[in-house]
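Listed in order, the protein sequences are those of chains A and B. FYI, the numbering for the first sequence is 1 to 342, going by our numbering. FYI, the numbering for the second sequence is 343 to 665, going by our numbering.
Bear in mind the hints are in silico, worked out from the structure with no lab data behind them. Note that CB positions come from ideal geometry on N, CA and C, so glycine has one too. Careful: at least some of the hints might be erroneous.
[Claimed, not checked] Label pairs and their calculated CB-CB ranges: (1) A465(B) to L80(A): 18 to 24 Å; (2) R575(B) to S258(A): 42 to 48 Å; (3) G206(A) to R579(B): 54 to 60 Å.
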Amino acid sequence: MAPLLSIRDLKTYFYTEAGVARSVDGVSFDIGQGETVGIVGESGCGKSVTALSILRLIQPPGRIEPGSRIEFEGKDLVTLGDEEMRHIRGNRISMIFQEPMSALNPVFSVGDQVAEVARIHAGLSKRKAFDRAVETLALTGMPAPEERAKQYPHQLSGGMRQRVLIAMALIMKPALVIADEPTTALDVTIQAQILDLLVHLQKEFGTSILMITHDLGVIAETTSRVIVMYAGEVVEEASVDELFAHPHHPYTEGLIHSMPHIGHDQERLNVIPGTVPAPTNWPHGCRFRERCPYSWDLPEREHPPLYDVGVNHTSRCHLAIEPERRNQPHPPLVVVEGVGAA
Amino acid sequence: MLRYLSRRLAQAAVIVAFVAAISFALIHLAPGDPFSAIMDNPNVSETVRQTLRAQYGFDRPLPEQFVRYIGRLAHGDLGWSFSHDRTVVEVLGSALPNTLLLMGVALIGSFALGIFVALVQVARRESVTDHALSGVTLVLFSMPDFWFAILVLLVFTYWIPIFPVGGAVDPVTHEYMTLGARIADRLRHLVLPALTLTVLAVGTVARYQRAALIDVLPADYIRTARLKGLTERDILRRHALRNALLPVISLIGLSFPALLTGAFFIEKIFAWPGMGLAVVNAIGTRDYPLVVGGVIIGSIMVTLGSLLADMLYAWADPRLRGH
């Protein structure tokens, strides 16, 4: 069966005064029907831009470069007409943002904001759309949905606002929901509730989910397959179990090691030294080499391809051809603390 | 809400009292008095003038005159207009509807047109249309009222004489017209002063509204609207405009003084029989009670206008509703 979404060589560049920012630089991956896929990476690695590219919500000076392909339900979203693209947004593909306060319009009731989606795409009357919005809010576990629907965003708590955004994303039962850091702005207990809700709704509707996060805990709890992004590229892809058991790319290793562990007596958290370089000026060769404990002359000369390192497991690291070097870690060649992200 | 309203009304009363005191003092400090014109007649003696001054109480010390004036004001008595030989209340009462008509038309016209222009600009932002309209609104914004009014008068009554030169109705034939013709006559006279005042205010509104729209466009909820599959047109007109209207509503309150002073100039130039014309003429004849009465009514209009704008703002923004 063909995947629901198939992205090939996606390049999204921003033409800024500081130069061309290659924020997403040749990304390829698939999402199957009903599958939950996670994208993980630091701020600035291109994960959010990838999500916005799928919905073609990239604003100038950014643009999706010619040659990129985003196939969804048999259509190429990169070349699709604006009108047809509008029928996909909110209807077949929807998105949940990380800022539940600012993502809602302060001057409309939340019920109207959810109902608006059904009015555009299902052509429902105002009354019917509102009823549908109340039903969908009830599905998200919103307490007293009838009354809450008539209220304005500022009258709701953060968790309730996130439920409103989820209702907005699910009211048309889309084939794909993109969740961009859906729990970052919430406190821990609400985070767990929202994640449970997403998993539950995904099972109920058979919706595919693309979960974008910097939090490996969220990935472990919700997804079946993980894509690790670094500096605008996919650097590793594997099933969740495989990735946590046998991380291959040094960046993935670093991410896993920097997770805090309860019960371990740690004075300090492990961190990956340095920061993501500026997207206007990716280093040549391996883009991670300046922060890498294994770097040698090959990554300096040659940009690594995606190597097959296991069953459905790929990694963009030259260690795939010289695995014995893993036994000789050394401090990273250049530690650029706080520099380079500017 | 009721407490807020009564507090605001009390503030307004204090402001009006200050305005009354200042305008009272200023006009009395100006040389001459209501009887100066009579004194130009060599046959009127100084004794007659002194008698008149004593009769109307102008010989008393200024503070005493003011206290008496405030006492009468509390009873709704604004005094006697010497130049019109009627009470000030009567003079302003017949002039006020004309001023309100002119200001009302200009207020609605300038906001409707200004918001429309801003929407057109923002829909095509950074295009030639946008820049051209920005240029036009800047010119309108910076143009002096009186100069533009005289220019309009020159163009539409002299070069292309299609509108009457002044007044609110035709002074000769209006009395003999049918009802329909009377209304048409009034409208014909209203066009130039109302248009002038509207065009003068449009620049400010359009520039304000454009900036407010551009301010809200990067907001996350606009991205949400795009994500829902709304057209750019609906995003702008529903989601962006509804938020960007809020600062423009407060502009309504701020534009009241400008509209009122604008109306004063324009009434004088188009001989529009409103409050402005009455007060400007009263300054020339040192008709103290009419000047002070006009300024007080004007200050009441401005304070009520800003109160109204604030209430409209509170109603339009759900975050303020019920506070």
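Status of the hints after comparison with the structure:
Range check, A465(B) to L80(A): about 23 Å between beta-carbon atoms, so the 18 to 24 Å window is met. Restraint check, R575(B) to S258(A): a C-beta distance of roughly 47 Å satisfies the suggested window 42 to 48 Å. The supplied range of 54 to 60 Å is broken by G206(A) and R579(B), whose beta-carbon atoms lie about 36 Å from each other.
Taken one by one, the earlier hints fail for this structure only at number 3.
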